[in-house]
Amino acid sequence: MFSKLDKAIVSLISQDIPLVKEPFRDLALKLGIEEEALLKRIKYYKRSGLMRKFSASLNHRKVGFKHNVMAVWNIPERLINKAGNLTASFPEVSHCYERKKTRDWNYNLYSMIHSRSRKGCLDVVRDISKKIECKDYKVLFSSREYKKSAGRYF
Amino acid sequence: MKTKLNLIDKRILNRLQKDIPFVKRPWKAVAGELNLKEDLLLKRIGLLKKKGLIRRISAGFDPRRIGFASTLAAIKTGPRDIDKVAKKINAYPEVTHNYGRVPLFREKGRGRDSEYNLWFTLVAKDKKRISQIVKLVRKYDDIKGILELPAVKLFKIDVNFKV
Numbered sequence: 005m006f007s008k009l010d011k012a013i014v015s016l017i018s019q020d021i022p023l024v025k026e027p028f029r030d031l032a033l034k035l036g037i038e039e040e041a042l043l044k045r046i047k048y049y050k051r052s053g054l055m056r057k058f059s060a061s062l063n064h065r066k067v068g069f070k071h072n073v074m075a076v077w078n079i080p081e082r083l084i085n086k087a088g089n090l091t092a093s094f095p096e097v098s099h100c101y102e103r104k105k106t107r108d109w110n111y112n113l114y115s116m117i118h119s120r121s122r123k124g125c126l127d128v129v130r131d132i133s134k135k136i137e138c139k140d141y142k143v144l145f146s147s148r149e150y151k152k153s154a155g156r157y158f
Numbered sequence: 009m010k011t012k013l014n015l016i017d018k019r020i021l022n023r024l025q026k027d028i029p030f031v032k033r034p035w036k037a038v039a040g041e042l043n044l045k046e047d048l049l050l051k052r053i054g055l056l057k058k059k060g061l062i063r064r065i066s067a068g069f070d071p072r073r074i075g076f077a078s079t080l081a082a083i084k085t086g087p088r089d090i091d092k093v094a095k096k097i098n099a100y101p102e103v104t105h106n107y108g109r110v111p112l113f114r115e116k117g118r119g120r121d122s123e124y125n126l127w128f129t130l131v132a133k134d135k136k137r138i139s140q141i142v143k144l145v146r147k148y149d150d151i152k153g154i155l156e157l158p159a160v161k162l163f164k165i166d167v168n169f170k171v
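Each protein sequence line maps, in turn, to chains A and B.
Position 32, counted from 1, in the first sequence is what this note's numbering calls 36; the numbers after and before it change by one each time, with no gaps.
Position 137, counted from 1, in the second sequence is what this note's numbering calls 145; the numbers after and before it change by one each time, with no gaps.
So that you can see chain B by itself, here it is in the shape it has in the complex:
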């Protein structure tokens, strides 16, 4: 859907990518910052959600700090099988993100089948569960390779789009 954003929507979207205030009436506080009425702000947010520009308003935790394990994983699968394989992987609730990716340049002597073309992240209750899922995925018929790439160090995580 093509959406033309007005200036108010843009200001709302930029503001809402930062922490909401942890007070009884957070929207009243945000409305004050943006010089809007609370009712109007709520209405605009509702519309932005309905149009799908805002996916959700929620708290994001550091999985490891709250005792969970996480990893990035990638698999090689044929371009014809990728949709089917992606769907199968999505069935695990521990899969939070899953993207098809294509390299800018293909490596010499490598065909389309030999690229890591499906990349997903797992957040699970412990490392054991992650290994278990990786092991299960590895057994899929249509997979020619799998990478398990847990983070060693976090340098940055800040998703903030200036709209």
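One chain only, chain A, in its complex shape:
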């Protein structure tokens, strides 16, 4: 299903596209295919869910969301779906995952929370805690960004 051409397309459009009036024309030219064919593949990736979003990535600090926390929760296995869906319903939550607990780290629900203030982040954590009825959690503030890049594929 994933041809050599698909790999080349994914690799190319995972990086910043040229800021020109007809970006897909430039990209198609680079790939040696027709612009129409490229657009068709991109629509297919989107439709099938392989591609999440083709959009701008912002520097969240520079656009005002200076604070973010990772809150991790210890949720009983049988409640994880309910707690996960409730946590995901908060607009301030950008990422929400279940991950395996480990011996040294007894948390299985992970959430990234963004806000304009430190207090704003903590308010959201408190609201989630109430909603999912879980008091066993840990909050980690990000202290420094060492890397943030697009995934490199193929």
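No lab work stands behind these hints: they were computed from the structure.
Owing to the predicted nature of the structure, the values given are computational and were not obtained by experimental measurement.
All C-beta atoms in this analysis are idealised placements derived from N, C-alpha and C, irrespective of residue type, glycine included.
Do not take every clue at face value.
[To be verified] If you want the footprint, here are the derived chain B segments under chain A, 3+ residues with CB under 8 Å:
#1 105–111
#2 160–166
[Stated by the list, open to error] Partner residues are not named here, just some residues of chain A that face chain B (Cβ under 10 Å, in silico):
#3 His64
#4 Asp131
#5 Ser147
The hints should help you fit chain B onto chain A, whose structure is shown.
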């Protein structure tokens, strides 16, 4: 850099966090939605990129769906070593994100050295490569512990800042 955003920039930033149209002239289409001229939109986007507010405009894929493996990992390292260790980890192209993190409350009886304070994500061609990198990182002298935390289930991924 402190940047004061005008209303047009804000509307552009909010719009561009959603899918761009998959058509020949995507900016013309977006400009139409925002009631702007295509040339002005391109100029503003160029400036927003130059100022670093927009990092890039690109497609984001679900790594697992296209046959790649991914994981979150965390390590414990001394506060004095963290910059050095972070730099070493960044050298792997498979590392996509890497953040220093500090807990709101430190656990009782635990010193600063015993916190998981460096958190990074790996996207690699397969699970084997992930294990290999984790194994290599585990051997670093300055590391006191490492967690490998692959996702079991995704509930949400939607990075969208209302500016």
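Tested hints:
no. : hint    : verdict
1   : 105–111 : holds (count 7)
2   : 160–166 : holds (count 7)
3   : His64   : holds (6 Å)
4   : Asp131  : violated (16 Å)
5   : Ser147  : holds (4 Å)
In terms of the numbered hints stated before, the structure departs from hint 4 and from no other.
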